[in-house]
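**Student:** Single-letter residue listing:
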Amino acid sequence: MTLKFESRHRLGAFELDAAFTSERGVTALFGRSGSGKTSIIRIIAGLTSPDQGKVVFDGDVLVDTQRRIFVPKHKRRFATVFQEGRLFPHLTVQQNLNYGRWFAPKPERSNNVSNIIDLLGIGSLLNRRPEKLSGGEKQRVAIGRALLSSPRLLLMDEPLAALDDTRKTEILPYLEALRDEMNIPILYVSHSVAEVARLADRVVVMSEGKVAMVGAAADVLNQSSILSEDRREAGSVIEGRVVHYDAPHHLATIGFKSSYIYVSGTQVAEGKPVRIHILAKDVMLSTVRPEQLSALNILEGIVSAISVDEARVADVSIACEGTPLLARITQLSAERLGLAPGTRVFAIIKTVALEPY
Amino acid sequence: MDWFSLSDQEWTAVHLTLRIASVAMLASLPFGILLGVLLARGNFWGKSILNGLVHLPLILPPVVTGFILLILFGRRGPIGAFLADYLGIVLSFRWTGAALACGVMGFPLMVRSIRLSVEAVDRKLEDAAGTLGAGPLWVFATVTLPLILPGIIAGMILSFAKAMGEFGATITFVSNIPGETQTLSSAIYTFTQVPGGDAAAFRLTIISVIVSMVALMASEFMAYLVGRRVDIE
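For the record, the sequence lines run as chains X and A. Reading the first sequence from the start, the letters are residues 1 to 357 in my numbering. Reading the second sequence from the start, the letters are residues 358 to 590 in my numbering.
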């Protein structure tokens, strides 16, 4: 599948002028709020008609302002999961789930209703009304409803943004299962590095209505200029494979380039590709190899750059045998250790600080 | 309870009023939904004029409305003549004419109630239904209509209650013929004009009060349901 998008659209003082192509798998539209992500989703879903532009999905022209083509939203079969769920309040969960399925063309109607219900863990909610569901449950039902309409493309507009952290961690595994088990391309809008790092294959970075960068998730997310938008989320994304799983200790060893990292978490198959988002604030630095320390992950590297911000916090970029790593320490610590580009350091990462897979 | 037994004329008036009110309510319902949706969602030239026209019967003296109906729908009126010549429908001095007058008088109330409930519907839900593959008509039938149902029912009850009590427009348009156009209100009026008619007028008044109270309470309940649904969103 290929989705080709190019549009110019004016909304008051805001101007969208973006073009990108999205392939199979999960493509994340990433950027701070007001960067035009939602406008793009609305144009693709058919909720907004762009002033100028073209949207083509697998050779099927959906929007072409020059040729005056605009396929209405109900004929596109691009199911959308919105930030607020938007379940129908007058229908039960079961009826909500059946809604999209009923409008799907008969031969393509999905037969794996029970699979999807199991995948999302909503089997016990079927007879309830949406008003009786928690935020996380609502969102899972909304995802199920979208999937059961047998969409050609699944659009997700910040599906987790309205939820608190606990709910987010509750839903993320379902989204990962969805990505791995259902063969549906997904366009995922988010402003959270952690979500994008966990889910996306490709990332399109939006900034002030324009595409700032496009590329593979790990490459794009390691550009510190992007991550610096939200400093609490600053960090590095590392891609690797599970090389070993230590069942008694619930520890997975992830191998990437030439180093290894331990991540504690649930059972994973060996050989599974994983991506780990290491927050810069979880990384400690030492100039000598530490001993008698609880932290399992100690990586040796060379400082490549140090940037100090106005709050006297230093972001230290370290090259660990080809793997980029970012550490946040105080300027005082950096001075005491005498850090400068070229210094040999040991980066210490607490295993439990890492988000599993 | 002997004093409360109704005479034939009184019974006929009660029956006739219920029939006229029901027909007025049901016949104006499709137009009420159409205009309620149009006024809530439509964006067209002359919208405020249309809105004014719909509300006119609420503001005009009922006698004026009745007189306008007489001019338009009378045997020789432009619409009345057409209906009589081509469709064989005569409205003047018939109970169907009374139903028309009651329907027109209750119409602003019905449209207002439906319009408000349409405005309360979250259009984002309709967008969501659209992205799931439902065409505009399906969206209206499966999302909009169920959500505005309490408003429609409240509008119907208001229109019915208005018809139960309509007097001025009805008596001007179709007069006060016992057994044909004499409704509860016009019967009460007649009884108060004859000596010794007080008891009959009183009996009909009690019936009128009971029917109106029930209608009003039902309408309040529907309004409560609408309010609750809006809260959930």
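Worth flagging that the hints you see were computed from the coordinates, not collected in a lab. It is possible that part of the hints are untrue.
[Said to hold, decoys possible] Each computed BS3-like pair below joins lysine-lysine, with the alpha-carbon atoms no more than 25 Å apart:
1) 257/X to 350/X
2) 168/X to 481/A
3) 481/A to 132/X
4) 481/A to 75/X
5) 168/X to 4/X
6) 281/X to 350/X
[Unchecked claim] Output of the computed footprint for chain A on chain X, the stretches with three or more beta carbons under 8 Å from beta carbons of chain A:
7) 45-52
8) 77-84
9) 145-158
10) 329-341
We treat Cβ as the ideally placed atom computed from N, Cα and C, and that holds for glycine.
**Student:** Can you confirm whether the C-alpha distance between residue 481/A and residue 132/X stays at or below 25 Å?
**Tutor:** Distance ~20 Å between residue 481/A and residue 132/X Cα, so the pair holds.
**Student:** When you check the alpha-carbon spacing of residue 481/A and residue 75/X, does it fall within 25 Å?
**Tutor:** Answer holds: residue 481/A to residue 75/X is near 18 Å, not above 25 Å.
**Student:** Taking 8 Å as the C-beta cutoff, is the stated coverage of the region 329-341 of chain X by chain A satisfied by three or more residues?
**Tutor:** violated (count 0)
**Student:** Taking 25 Å as the top limit, are the C-alpha atoms of residue 281/X and residue 350/X close enough?
**Tutor:** Given pair residue 281/X, residue 350/X holds - Cα atoms ~11 Å apart, limit 25 Å.
**Student:** Can the restraint linking residue 257/X and residue 350/X be considered satisfied, given a maximum Cα separation of 25 Å?
**Tutor:** holds, 20 Å
**Student:** Residue count check for the region 45-52 of chain X against chain A: does it reach three with CB-CB under 8 Å?
**Tutor:** holds (count 3)
**Student:** Would you mind confirming whether the straight-line C-alpha gap from residue 168/X to residue 481/A stays at or under 25 Å?
**Tutor:** holds, 23 Å
**Student:** Within the region 145-158 of chain X, is the number of residues with a Cβ closer than 8 Å to a Cβ of chain A three or more?
**Tutor:** Contact hint for the region 145-158 of chain X vs chain A: holds, 4 residues under 8 Å.
**Student:** Examine the region 77-84 of chain X for residues whose CB is less than 8 Å from any CB of chain A, and state whether their number is three or more.
**Tutor:** holds (count 6)
**Student:** Is the Cα-Cα distance between residue 168/X and residue 4/X 25 Å or less?
**Tutor:** Outside the cut-off at roughly 30 Å; violated.
Of the numbered hints stated above, those contradicted by the structure are hints 5 and 10, listed in ascending order.
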